[in-house]
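Peer 1: If you want the building blocks of each chain, they are given just below.
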Amino acid sequence: MNTTQAHAEEHICQQMRRRAFLNRSGIGLGSAALGSLFGADASRAWGQESPSGMVAGLPGLPHLPPRVKRVIFLCMAGGPSHLETFDYKPKLEEISGQPMPESYTAGQPIAQLQGQELRAQGPLTKFRQYGEGGLYISDYFPWHAKMANEICVIKSLQTEQINHDPAHTFMNTGTALSGRPSMGSWITYGLGVETNQLPGFVVMTSVGGRNPQPIASRQWSAGFLPSKFQGVEFNSTGDPVNYVSPPRGVPLPQQQQIIEAIGTLDRHRLEQVRNPELETRISAYEMAFKMQMSVPDLMDVSDEPKHVLEMYGATPGDGSYASNCLLARRLAERGVRFIHLYHRGWDHHGGLEKYMQICSDLTDRPTYALVTDLKQRGMLDDTLIIWGGEFGRTPMFQGKGGVGRDHHIKGFSMWMAGGGIRGGTSYGNTDELGYYAVENPVHVRDLHATMLHLLGIDHTRFSYPYQGLDSRLTGVLPSRVVKEIIA
Amino acid sequence: MAEASSNRSASAVFAKMFTIFSTLIYNGWLIREFARSLPPCPPPLVDRTMIKTTWPLLGISLLLSLLAPRLAKSDEWDFNRDIRPILSGKCISCHGPDEEHRGGGLRLDREASAKEPREGVAAIVAGNLDSSELISRITATDPDFRMPPAEAGKELKPEEIEKLKQWIAAGARWSEHWAYQRPERHADPAVENEGWCDSWIDPFVLSKLERAGIQPADDADRVTLLRRLCFDLTGLPPTATQTTAFLQDTSPDALSRLVEELLASPRHGERMAMYWLDLVRYADTVGYHGDQDHNISPYRDWVIAAFNENLPFDQFTRAQLAGDLLPDANVDTLIASGYNRLLQTTHEGGLQPKEYLAIYAADRVRNVSAVWMGATMGCAQCHTHKYDPYTLRDFYSMVAFFADLDEAQHFKVGGNSLPTNRPPEVFVLTKQEREAYRNLTGQLETLRQELDRVLAGTAPYREQLDKEIADIQKQLGELAGKRRKTMVSSAIAPREIRILPRGNWQDDSGEVVLPAIPEFLGALTPGQTRATRLDLARWLVDAEHGAGLLTARVMVNRLWSLMFGRGLADLSDFGGQGSPPTHPELLDRLALEFVESGWDIKHMLRSLALTHAYRLSSVPTPEQLQRDPDNHLWGRQNRFRLPAEMVRDNSLAISGLLVESHGGPSARPYQPAGYYRHLNFPTREYVADGDHSQWRRGVYVHWQRQFLHPMLKAFDAPSREECTAERPRSNTPLAALALLNDPSFVEAARGFAQRILALEETADVARLKFAFHETLSRQPEELESRVLAKTLAEQRAFYASQPQAAEELLSIGLLKLPENVDRVELASWTQVARVLLNLNETITRN
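Protein chains in written order, with this note's numbering: chain A, 1 to 487; chain B, 1 to 846.
Hints were generated in silico from the structure; no laboratory data involved. Accuracy of the hints is not assured; some may be wrong.
Unchecked claim - Label pairs and their computed distance ranges (CB to CB):
1) B:A408 / A:D297: 14 to 24 angstroms
2) A:L252 / B:G674: 38 to 48 angstroms
3) B:E760 / A:G317: 43 to 53 angstroms
4) B:A408 / A:E117: 21 to 31 angstroms
5) B:F770 / A:Q256: 18 to 28 angstroms
6) B:E807 / A:D297: 46 to 56 angstroms
7) B:A797 / A:T315: 35 to 45 angstroms
As the list claims (entries may be wrong) - A few chain B residues facing chain A, derived, Cβ under 10 angstroms:
8) S88
9) P149
10) G153
11) S490
12) T532
13) Q671
14) P672
15) N680
16) E722
17) D742
18) E808
19) V835
Said to hold, decoys possible - Dumping the calculated DSS-like pairs for lysine-lysine here, alpha-carbon to alpha-carbon at most 25 angstroms:
20) A:K290 / B:K474
21) A:K400 / B:K354
22) B:K412 / A:K400
23) B:K474 / B:K431
In this text the structure is predicted, and so the values were computed from the model without any measurement. Note that the Cβ used here is the ideal one computed from N, Cα and C, for glycine as well.
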């Protein structure tokens with residue numbers, strides 16, 4: 001990342017700090033004045049930590065009245081088949097086993113099936129309709145069926161990348177190029193963080209299903225945005241956050257003594273060298289110390305009643321998707337802005353029936369529990385939940401160890417729920433074979449635009465100067481807010 | 001200025017009416033605003049340029065000009081500094097090189113187009129505001145007429161409008177984009193205080209300070225200067241011996257001898273490589289998908305050696321881009337040609353080779369143009385650059401230079417082993433190892449001859465000879481075992497390169513292109529044959545007929561940033577959107593000096609180190625804080641947190657653990673368990689080094705692109721997926737946690753404590769003084785001693801009551817505990833050492 005391309009905002013923020021510093025310090029800086037430097041109220045300029053350690057959003061944001069405050073993105077990594085989840089295609093069943101009509105596939109990007117004979121593969125499960133809107137949900141997802149009135153299924157998603165790694169990058173940053181900020185970073189950059197105890201953008205992962213595809217930390221990178229907006233990964237084993245625990249043999253009170261000594265010496269130095277960066281550093285140590293307590297507190301779910309643990313099916317500390325869903329709720333309660341869960345196991349090139357069952361067993365019920373729990377706590381109204389993979393799967397057969405499907409990008413399904421979303425409905429459609437999104441296609445860019453809109457951000461006015469361009473999450477090509485799914 | 005054209009003249013009349021009207025309103029507003037914002041003291045320097053005015057547009061403007069406290073002369077307008085950034089930022093995305101999106105056929109990136117009358121109206125008419133359509137449009141109140149259009153979201157600020165007006169009124173002097181002008185040999189600027197200047201560079205700095213009426217800061221104290229030089233030139237803190245020697249050396253050439261010593265240190269190449277490896281995106285893994293290891297560490301060692309040997313930068317360039325094609329190619333240039341293989345690659349199942357060849361090609365052009373030309377050519381992959389004169393054709397013509405690289409093999413043979421296969425690869429020894437090998441072979445030969453002579457001789461002598469021979473053979477065997485594989489460039493028949501419309505790799509409709517340099521920069525004349533990577537490399541460093549002076553400017557700007565903390569100009573973007581140089585004349589002279597010195601990097605670093613500007617204190621004076629808060633005038637040095645690797649190296653050096661050995665396979669420091677759990681193909685267990693490699697410098701740490709070591713990452717080291725010319729410098733809680741709790745730092749603190757306890761001196765006060773001085777090269781102040789003494793007392797009390805806790809703390813790390821050490825004491829001092837290693841001053845270059 002390049003800092004001279006001005007980091008215009010960072011610059012403003014530095015200026016503010018300098019000004020604040022000068023105003024308070026005058027020429028000589030007595031220790032009394034120094035005390036007020038850390039305790040006194042300061043106007044919350046963007047990116048500046050307020051005395052309480054919270055990071056304010058960009059001035060002028062939100063552009064619109066926000067419908068939600070936070071996002072929980074449930075990424076089903078590997079790419080779940082839309083044809084065995086929410087997109088019921090009887091016609092595909094009819095021609096199952098026959099050659100796929102070439103009118104569909106000619107000249108199209110193809111992943112592992114390159115050079116192979118393409119045959120249609122009918123749905124590998126049964127579908128039923130649920131809820132007031134009669135949503136089609138497959139038999140693999142009985143708990144989803146119970147919340148059919150809460151979710152809006154978009155059946156016409158499209159992406160541009162057909163391999164896992166770039167497809168995740170595309171889903172998260174709007175481009176396959178490396179070095180761009182993830183959506184969680186964009187959102188915390190724009191709207192700030194409402195907690196001084198935890199990072200604003202948290203990532204958790206779980207595994208289970210077919211050979212889990214890798215996930216790069218690039219997926220939660222702040223790219224060219226200031227580093228403080230990067231996603232922080234929470235671990236289910238070992239340190240919940242890397243290095244958050246004091247070293248062995250140093251209990252918290254002793255750690256606190258160390259941090260206080262560092263603070264005292266740094267403040268003393270600040271008096272002499274008038275370095276505004278020092279202020280930031282001192283507050284970083286303060287926040288670091290808070291995290292040493294708040295993170296373990298967050299991860300310790302022993303205060304959750306039994307019925308809640310049962311609803312999620314979570315065994316504390318097992319690192320499962322169920323535990324992560326429960327932690328997602330706890331993070332949401334504590335003011336975390338963007339919570340990104342990855343469940344790795346959906347890459348069903350073969351053995352689809354077996355692995356779909358495993359993935360469903362691991363994720364179906366906890367997802368339901370998360371939605372229900374938030375709803376019961378009155379938090380679903382200001383939370384946006386998004387469920388989906390980095391792409392869908394081919395209507396064509398692939399047989400890598402039993403019946404399966406290859407990667408597919410021209411039409412697949414995701415769902416949204418929560419504040420502002422028309423639950424119990426579906427939007428868009430693929431053709432009768434589930435190949436192309438033919439009705440109301442929704443590009444990844446549109447998904448981003450819609451998500452930002454619900455957060456009160458106009459995606460066309462939300463940019464950051466990078467390499468001479470005003471870079472946006474939604475890029476330069478046309479994109480739209482899918483207003484039809486918003487209540 | 002998009003224009004509907006048919007009723008153009010009518011609109012022009014309206015425009016003029018609007019101009020007069022809106023100017024009246026606008027100036028009225030400006031005066032009010034100006035009066036309101038009058039500061040109690042002289043305004044900051046940067047703001048002053050906004051209010052210089054000499055032209056009598058209207059009476060009201062005159063009034064404004066009277067209010068302006070200091071007037072600059074009209075000939076002081078610098079197009080590149082004052083005007084181009086406005087045009088570029090607000091106008092050129094629609095009125096620039098990009099034909100497809102150009103509004104009304106007007107270009108504002110070229111003087112001719114901007115001043116050319118079109119149906120009697122020109123955007124810019126020098127000296128005439130009323131006739132300049134640009135002014136009419138940017139001041140129009142009718143939203144349909146006003147530029148930039150509201151939907152562009154690029155509204156001009158009042159002060160920007162004012163600048164444009166004044167510049168046009170003053171004659172609208174245009175100049176070519178600064179980066180593409182040939183550097184001139186500007187005369188040394190005249191300065192009043194000649195005595196202040198240590199070198200020819202200083203007058204360039206001082207003259208601007210004098211003109212602004214700002215005093216340079218005082219000189220830094222000698223300790224600060226010493227630490228600064230050590231960090232800048234070797235990336236390590238001074239040793240206590242170095243400190244004492246330098247402080248005692250009062251001879252006039254003490255400083256220059258220190259500089260020589262540091263430049264000659266083998267640590268210098270490591271420090272320089274740290275930066276270069278960011279630029280060329282060196283990493284130990286492929287980057288995409290499975291992020292498997294690949295074989296490339298000999299390239300890293302070659303870079304370090306090249307900087308240590310002061311390989312001229314032109315040779316350095318040619319070796320990397322075309323080391324395989326050089327007439328005098330050898331093992332070293334072949335290793336260097338690994339540069340072309342540093343990009344991210346994949347062999348994910350289901351990849352489409354054609355797609356990835358296109359991705360690789362684009363990656364290479366982005367990097368070459370960024371590293372050597374300071375250009376953001378990546379923009380031209382899909383469309384003609386919106387701000388700079390790079391076209392789609394330029395982009396794919398650059399791609400064609402690399403069409404001969406044999407890169408597709410790994411799609412098939414890559415495999416999920418660690419490391420993966422990325423042929424072409426060769427087994428090599430480093431230069432030093434090869435020298436050692438030669439020496440040993442020579443010795444062996446001598447011994448064998450000796451043996452021949454004494455074959456009939458006495459037994460004991462023969463036995464000794466046999467032993468020596470066996471010993472050398474063993475050493476040779478060990479050396480041979482050190483051979484490492486490394487990826488190299490190898491030319492095959494170039495594949496066909498087409499222009500990809502909108503960057504779409506599936507679109508074969510584009511024209512086939514041959515290798516060529518960007519058209520606006522000229523053309524290569526390779527004769528009958530197709531131009532090669534070597535032609536490109538030569539062109540990049542050909543100061544007479546090629547882009548050498550551009551390259552030189554880019555590089556000296558980066559060398560300046562290593563010595564001053566920031567570039568004279570934007571470090572990544574020499575294009576229209578980058579910030580122009582604060583001192584363009586100085587940048588010119590430095591570029592020429594670089595070329596004339598024979599592309600001598602050490603010469604340039606030495607020249608910068610021996611300026612007065614370099615020696616200044618980094619503490620701003622109150623006047624500077626008011627008037628030049630961002631130090632655009634370099635009236636003081638800059639201070640900044642050390643780069644990630646140096647944060648590590650510094651702690652290791654203070655602790656006495658640092659292992660100073662050159663090169664070799666990458667090192668693996670402690671890392672949180674499970675950090676690689678998201679990697680697959682294959683799944684990975686990180687095994688930290690269990691020997692001295694644990695304490696090697698950051699430049700040698702295994703660079704896993706997808707999961708960079710969390711400590712390096714917390715301190716803003718880049719993943720090296722793309723070129724990084726300037727790292728951000730953040731201060732986050734994650735970085736604080738790493739420095740506090742990463743076992744590498746805890747172990748370093750213990751190592752440091754062991755050093756402290758090994759002192760003969762046993763009094764706490766003396767030991768604290770020693771510890772403080774080892775960390776910061778200065779004596780503690782009274783308050784500092786007190787705080788540390790308090791910490792020591794607190795920790796002693798605790799560990800005395802909890803000896804088990806002391807055992808636990810001391811069990812962190814590989815470092816052996818001294819025999820019979822008092823565990824409570826050692827734990828307590830380890831805690832004190834942790835405080836010292838975490839101080840802001842410890843990790844700051846002042």
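Peer 1: Evaluate each hint against the coordinates.
Peer 2: Structure-based check of each hint:
1. B:A408 / A:D297: 14 to 24 angstroms: With Cβ atoms ~53 angstroms apart, the hint is violated.
2. A:L252 / B:G674: 38 to 48 angstroms: violated (23 angstroms)
3. B:E760 / A:G317: 43 to 53 angstroms: holds (50 angstroms)
4. B:A408 / A:E117: 21 to 31 angstroms: Since A408 (chain B) and E117 (chain A) have Cβ atoms about 25 angstroms apart, the given range 21 to 31 angstroms holds.
5. B:F770 / A:Q256: 18 to 28 angstroms: holds (26 angstroms)
6. B:E807 / A:D297: 46 to 56 angstroms: violated (28 angstroms)
7. B:A797 / A:T315: 35 to 45 angstroms: At roughly 41 angstroms between Cβ atoms, T315 (chain A) and A797 (chain B) fall inside 35 to 45 angstroms, so the hint holds.
8. S88: Since chain A brings a Cβ to about 8 angstroms from S88 (chain B), closer than 10 angstroms, the hint holds.
9. P149: violated (13 angstroms)
10. G153: Nearest chain A Cβ about 6 angstroms off; hint holds.
11. S490: violated (26 angstroms)
12. T532: violated (28 angstroms)
13. Q671: Status holds, d = 9 angstroms.
14. P672: holds (5 angstroms)
15. N680: holds (5 angstroms)
16. E722: Hint on E722 (chain B): holds, closest Cβ of chain A at ~5 angstroms, below 10 angstroms.
17. D742: holds (6 angstroms)
18. E808: Check passed: Cβ of E808 (chain B) comes within 3 angstroms of chain A, closer than 10 angstroms.
19. V835: Since the shortest Cβ distance to chain A is 5 angstroms, the answer is holds.
20. A:K290 / B:K474: Violated. K290 (chain A) to K474 (chain B) sits at ~57 angstroms, over the 25 angstroms cutoff.
21. A:K400 / B:K354: Within the cut-off at roughly 24 angstroms; holds.
22. B:K412 / A:K400: holds (19 angstroms)
23. B:K474 / B:K431: holds (20 angstroms)
This entry does not satisfy hints 1, 2, 6, 9, 11, 12, 20, going by the numbered hints stated previously.
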